[in-house]
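Visitor: Model the full assembly from the supplied sequences, consistent with the hints where possible.
Chains as they are written, first to last, in my numbering: chain A, 1 to 392; chain B, 393 to 697.
By construction, these hints were calculated from the structure, which means they are not laboratory data.
You can trust all of the hints, since none of them are fake.
Restricting the straight-line Cα-Cα distance to at most 30 Å, the calculated cross-link-like pairs of lysine-lysine (DSSO-like) are:
hint	chain 1	residue 1	chain 2	residue 2
1	B	K443	B	K403
2	B	K403	A	K43
3	B	K443	A	K43
4	A	K43	B	K633
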Amino acid sequence: MNPELPKPMLDALAREASPTAHPSPDELTAFVERSLVGGETQKVTDHLARCAECREVVFLASNAADDWVAETEDERLVAASGLRFSSVFAASAASAEVMNAPRMAEKPSRKWVPRLVWGVSAAAGIVVVAGLVLQQRFAAPNAAPQLASNEARNISPPAQAEQPLITRQSSAVAVAAPPSVGKPVKSARSKAVPSPSRDAVKTAAQQPFVEMENSAPRAAARVNTLSDSSAATLGGVSPSTAPSVAHAGALGSPVAGAAAARDGATGRLFSAPQASNNVLNTPYARWRITAEGHLEQSTSSGWTRALADQTATFRVVSVVGSDVWAGGDGGVLFHSSDGGRTWSRVAVSSSTGAETAAIVSILFDDFQHGALITESGARYRTTDGGTTWTSQ
Amino acid sequence: MPSAPASEPLKPQPSAAQREFAACHYQASGAQQFGIDEPALAALFAEIVSKRDPAGSDIDERDFLGSIRLEELVLARACANGNERAWEVFLARYRVTLYETAYKIAAEENAARSLADSLYAELYGVDSKGQQRCSKLLYYQGRGSLQGWLRTVVAQEYVNRYRREKRETSLDAALEDGAQFEAPEPEVAVADPRVEAAAAAELAALDADERFLLVSYYLDHRTLAEIAKLQGVHESTISRKLQRVAVGVRRRIQRRMIQSGMSPRQAEEAMDNVDVRDLRVKVDQTLRQETPPPTFYKQKGEPQG
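Guide: This is the structure:
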């Protein structure tokens, strides 16, 4: 129980009026997301301490973002131990949510936010238990429990996964939201996931966007800082050949799920937010392109190179649910429909022949509709899940 | 709250560094598909840098530009320019957020829908005659996420709407709603002006974080969880900090009162001998902090100050 303040102190607090102008919504948002730079944080905090109206706005906005999980001290402790189990649990919750097509007018339920109120000792105990559980789970990824888990997430079993997606015809429901203002989709939580169909997954695939972005609020759509103006080239990559940043949103839509790309100027990596980063070969794994142009996937033991037998230099990777698209130099385009277990090469060609320019951007509005952009500026579109690509 | 841009202010010219930054990140920004060319992107950077708060000017401009949400900024600007493709993307990404946020804030479906619809109209930005476009998205500067910005704007609109509707409620309607109008309580005079002076001096000496903590908890009656969430720490951390600040301030005020001539016993009594009823914080006292409007919407059309 916190002490009560004497009346003179309360009165003195209430008398203080802010002498400064109200911060813009941009600044208030950046304050909530802790992305203010320099002395701005101090300035905004000082204003908030004296302005009840802005405090009201900030708390309303913060409370409305109840699906945003701040990295608490306890979570940082867990992260320091190498296990981000909260992300795993959050991913489970997210997958359960997306599997159950949310009802529209339902009151949004509060998402589970891990709060370890028992202090460091309890956190340490949970970390140990979670570590043991995860260790057992990942010891035999093809064992029955893992498959059962995958089935719950509607991942095709390996036998089906051998079939390349290219042969898949467009039976999926297009899920891009219509450009009209309708009833909002509300998040709904359900524990039961009774063998959902692929269409259900696709329909629901647009839902985790909020959660994904919020789980790593500054990961997806930001441009990395250039520490030096001369850092326009690195490793022989010129600015003109710099691959694109993740296009999960700007060129596509949230339905595109996530994408990652290499910043040619700095060599830093961009990873779009994912629902989980610890699960091997699941649609929730994280992907990245390294500075060397290798495609890598996160696993329980770190980053593992995918398509290691390919000599191509990859430029961009895009993830739509369990569909992963990776493009790179020479117009190479690879596709996996099972979260990276199996890959197939996809031909991209126009009337003038096969595309040879590097693919620098891949974006999907949904599972069926996507586009890619080459370094030369050529654009290709697909409306059948990547079976055919048409030059624009 | 932020002011609207002037009708057609003199736009700042992009510097060489801004042009270089635009060239470097043009493709990554996705501006091309929304019909924003490279010079326009550079001009957008120049505009944002020119509106940059001087408090953040100790950060290198390139670092500052690197910290903005480029893709979301481009999307917002393209929407403000009326690009249809951008609107498709925007609605696909943020429509749910907009309505869900409105619902969470208003907590009542009709009010939430009305709130979100009105905000959507402002985001779309066509005037009543459908001729001139002045989208609220023009105010988005990419400092935080577009999603977070939408939440903030919804919250602002809700607060403004609440204040507006409250002002417009007639006495009869309030009486019908069962409102009770009690006589204002007389101000409890502080027995000794030295108490007030000591309290004011010590509170003024607090840093912004500590003051924010005190007012959020004691004046706004925010819960520890709410404050902890906003600050990104655990609520036990907030509780400890609150305890430390409150006790520390109290002790320093007492010390100051003793220095000003009070006996230790008098100082103790001045701090402790408070009627429980006096500890109630009245809403009008809280609202007294507010600098008067203009708020976000009232300044529309006025040049940026």
